[in-house]
Amino acid sequence: MRERPNSNEYTPYQGQYVSLVPEGDLIEILESQKTRTLDLLSGLTEEEADSRYAPGKWSLKQVFGHISDNERIQSYRLLRIARGDQTNLPGYEQDELVPNGPFEDWTLSQLAEDYRTVREATLTLLRGLRAADWTRIGNANGQPVSVRALACINSGHELHHLRIVEEKYLKAK
Numbered sequence: 065m066r067e068r069p070n071s072n073e074y075t076p077y078q079g080q081y082v083s084l085v086p087e088g089d090l091i092e093i094l095e096s097q098k099t100r101t102l103d104l105l106s107g108l109t110e111e112e113a114d115s116r117y118a119p120g121k122w123s124l125k126q127v128f129g130h131i132s133d134n135e136r137i138q139s140y141r142l143l144r145i146a147r148g149d150q151t152n153l154p155g156y157e158q159d160e161l162v163p164n165g166p167f168e169d170w171t172l173s174q175l176a177e178d179y180r181t182v183r184e185a186t187l188t189l190l191r192g193l194r195a196a197d198w199t200r201i202g203n204a205n206g207q208p209v210s211v212r213a214l215a216c217i218n219s220g221h222e223l224h225h226l227r228i229v230e231e232k233y234l235k236a237k
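Residue numbers 65 to 237, in my numbering, belong to the letters of the sequence shown in order.
Just so you know, these hints were derived from the structure itself, not from any lab. Positions of the beta carbon are idealized from the N, C-alpha and C atoms, including for glycine. Mixed in with the good hints there might be a few duds.
Straight-line distance between alpha carbons at most 25 Å, and here's what the computed DSS-like set of lysine-lysine pairs gives [unchecked claim]:
| hint | residue 1 | residue 2 |
| --- | --- | --- |
| 1 | Lys98 | Lys235 |
| 2 | Lys98 | Lys232 |
| 3 | Lys121 | Lys232 |
| 4 | Lys235 | Lys121 |
Ranges of calculated distance between the beta carbons of each label pair, as one might list FRET restraints [stated by the list, open to error]:
| hint | residue 1 | residue 2 | range |
| --- | --- | --- | --- |
| 5 | Pro163 | Arg191 | 18 to 26 Å |
| 6 | Gln174 | Gly148 | 32 to 40 Å |
| 7 | Gln150 | Gly107 | 40 to 48 Å |
| 8 | Tyr156 | Glu92 | 24 to 32 Å |
| 9 | Gly192 | Ser96 | 13 to 21 Å |
| 10 | Thr188 | Asn164 | 42 to 50 Å |
| 11 | Asn205 | Ser83 | 38 to 46 Å |
| 12 | Asp89 | Asp169 | 31 to 39 Å |
| 13 | His224 | Gly107 | 14 to 22 Å |
| 14 | Gly120 | Asn70 | 33 to 41 Å |
| 15 | Glu87 | Asn164 | 35 to 43 Å |
| 16 | Asp89 | Ile201 | 17 to 25 Å |
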């Protein structure tokens, strides 16, 4: 999918993620991000993965767990909207999900496997969409959103967090 969503296909808040996605085929971009993220994870030590850049902030393990959890949720929404479901899909509260996740108990290899599995499932879903599916619009968290916007949001959300990882967690590395 090369055609980007129009600004009326996502909220202004989601626009911060959509704007981070480079031009090009979105499936190829997500494949490339998968490689980049897995390389980043493989270069961390367990000590680094347990670190926080400030008190009260998530550990690196929690950040990567959040990236995967968010992608699961956005891809679930994407699936339902692509299949024509017009149900208002609920939002979620990341600050409730992350601390209740198992991420700090996981090893880096478990985090990497979880991320890889989620991304492969997303890519399989996207590859199976028909052209008309990409422009379907549904409702998530009380707001209209398109399939192609959700796919871009998955990519941009990850890019957003990777920038934070590089700027705040790994700047001294």
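Taking the hints in turn, this is what the structure says about them:
1. Lys98 to Lys235: 21 Å, holds
2. Lys98 to Lys232: Judged against 25 Å, a Cα distance of about 21 Å means the pair holds.
3. Lys121 to Lys232: With Cα atoms ~11 Å apart, Lys121 and Lys232 stay inside 25 Å; holds.
4. Lys235 to Lys121: Holds, because 16 Å separates the two Cα atoms, which is no more than 25 Å.
5. Pro163 to Arg191: 18 to 26 Å: With Cβ atoms ~34 Å apart, the hint is violated.
6. Gln174 to Gly148: 32 to 40 Å: 36 Å, holds
7. Gln150 to Gly107: 40 to 48 Å: Roughly 44 Å apart at Cβ, these two residues keep to the hinted range, so it holds.
8. Tyr156 to Glu92: 24 to 32 Å: The hinted range 24 to 32 Å holds for Tyr156 and Glu92, with Cβ atoms some 28 Å apart.
9. Gly192 to Ser96: 13 to 21 Å: 20 Å, holds
10. Thr188 to Asn164: 42 to 50 Å: Given about 28 Å between the Cβ atoms, the range is violated.
11. Asn205 to Ser83: 38 to 46 Å: Roughly 19 Å apart at Cβ, these two residues miss the hinted range, so it is violated.
12. Asp89 to Asp169: 31 to 39 Å: 37 Å, holds
13. His224 to Gly107: 14 to 22 Å: The hinted range 14 to 22 Å holds for His224 and Gly107, with Cβ atoms some 20 Å apart.
14. Gly120 to Asn70: 33 to 41 Å: Given range 33 to 41 Å: holds, Cβ gap about 38 Å.
15. Glu87 to Asn164: 35 to 43 Å: 37 Å, holds
16. Asp89 to Ile201: 17 to 25 Å: 22 Å, holds
When the structure is compared with the earlier hints, violations turn up for hints 5, 10 and 11 and for no others.
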